[in-house]
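Position one of the sequence shown corresponds to residue 10 (the numbering used here), numbered consecutively onward.
Source of the hints: derived by calculation from the structure; they are not laboratory data.
Treat the hints with caution; some may be incorrect.
[Claimed, not checked] Label-pair ranges, simulated between beta-carbon atoms:
1. I262 to D55: 31 to 39 Å
2. N386 to A127: 29 to 37 Å
3. K205 to I262: 14 to 22 Å
4. S354 to F74: 34 to 42 Å
5. L144 to I262: 29 to 37 Å
Beta carbons: idealized from backbone N, C-alpha and C, even for Gly.
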Amino acid sequence: MKILYVIGDLSIGGAEVFTKNISIAITNFGATVEIACFDESRFLADELEAAGVVIHSLGKARFSFLTSAYEISKIVQDRKIDVIHAHSFSAAMRVVCSQVMGSKAITVMTYHNLGYEAYPPKNIYKKIRRFAEGLIFRSFFDHWIAVSSAAADSYKYHYGHLEVEVIHNGIDLKCAVVARAQSHSETWEKFEVITKGPVIILPGRLVWEKGHQIFISSMIKIIEFYPDALALIVGDGPLLNELIKYSRDTKVINNIKFMPGLSQEDLFALICSTDVVVIPSLSEGYGLLVAEAMALGVAVVCSDIKAIREVVGGDDNALLFQSGNSDLLASNILQLLDDTGKRTSLGAKALVRAERELSIQIVARRHLDRYQQLLLNRKKC
10 MKILYVIGDL SIGGAEVFTK NISIAITNFG ATVEIACFDE SRFLADELEA AGVVIHSLGK
70 ARFSFLTSAY EISKIVQDRK IDVIHAHSFS AAMRVVCSQV MGSKAITVMT YHNLGYEAYP
130 PKNIYKKIRR FAEGLIFRSF FDHWIAVSSA AADSYKYHYG HLEVEVIHNG IDLKCAVVAR
190 AQSHSETWEK FEVITKGPVI ILPGRLVWEK GHQIFISSMI KIIEFYPDAL ALIVGDGPLL
250 NELIKYSRDT KVINNIKFMP GLSQEDLFAL ICSTDVVVIP SLSEGYGLLV AEAMALGVAV
310 VCSDIKAIRE VVGGDDNALL FQSGNSDLLA SNILQLLDDT GKRTSLGAKA LVRAERELSI
370 QIVARRHLDR YQQLLLNRKK C
């Protein structure tokens with residue numbers, strides 16, 4: 010079986026990291042995986058190519074919607090692709106156009122976020138656009154997958170799908186095992202982490218829906234009890250300057266270290282060296298960072314929203330707080346900082362769930378089974 014994943018770029022976002030992980034896992038199962046991307050970022054490319062995954066960078070075609078769609082249709086024809094799987098909205102629209110241009114492969118689309126749930130269509134233009142997108146995606150794709158029930162329900166409502174299959178994202182457990190064995194002191198030295206107090210980490214892209222401002226507000230209360238506490242905010246994004254300013258305005262800037270986005274290997278090692286992971290998301294399609302923190306055996310405090318609850322799988326595996334409430338977030342963090350035993354227990358239970366339920370191998374097998382069923386159904390027709 011030959012599979013072509015289509016995605017905007019190979020940066021370090023959730024959908025991109027998942028695409029990397031599942032590509033390698035499916036390759037290890039014996040299928041052939043290739044990736045077409047039309048933006049310049051190739052942060053994850055080396056690891057993929059080392060695993061035997063062919064990457065098609067569409068180059069100048071990225072500037073032309075129709076040209077990139079034509080390039081995709083040409084790849085499908087020349088490489089004899091059986092399944093095209095789109096992992097972003099822009100990728101999906103190009104796959105649709107490639108179908109119009111003659112591509113005959115099975116088409117699959119994954120919804121990685123909440124789309125119009127997070128950004129409701131408030132004017133007639135956006136409502137018409139939503140209707141058109143739903144009609145197009147229902148008409149030109151053979152199957153639809155969502156990374157959580159929350160995402161599936163959202164697109165059923167907004168796009169009019171009768172059915173969307175839920176397959177959660179998976180985690181590279183091998184990478185997690187390596188990270189757990191890393192020396193904490195060496196990791197701190199590498200990233201210049203200097204503190205005598207507890208360390209809290211918030212990884213993730215610096216965008217509104219990740220809730221960074223909520224966490225920064227919670228630090229006001231945390232440093233009342235732990236004056237030497239250090240918060241690591243790790244990630245890139247458009248809100249960097251705004252968050253730095255807010256940290257200064259709230260007088261917690263000396264307790265916060267802003268760090269750029271890291272490779273998965275470095276991020277995992279850094280998370281393992283901290284006391285608590287915080288995921289204060291306001292909106293989330295899945296919550297991959299929650300799953301990764303669980304796989305690293307570190308105690309997690311996260312927003313009580315539907316997609317994250319699916320990842321956590323029970324109150325014994327993480328502390329949940331009302332999304333957007335910085336006081337409750339601070340209370341949960343302090344609860345864990347005050348109780349080493351509870352931190353350890355929470356992390357251990359989370360690790361058990363991650364190893365049993367959240368492995369990328371389990372997810373890859375489900376994807377492969379679905380592809381095979383779709384191909385079989387087409388042959389019967």
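Right, here's what the structure says about each hint:
no., hint, in the structure
1, I262 to D55: 31 to 39 Å, "holds, 35 Å"
2, N386 to A127: 29 to 37 Å, "holds, 33 Å"
3, K205 to I262: 14 to 22 Å, "holds, 18 Å"
4, S354 to F74: 34 to 42 Å, "violated, 52 Å"
5, L144 to I262: 29 to 37 Å, "violated, 49 Å"
The structure fails to meet hints 4 and 5 from the earlier list, while all remaining hints are met.
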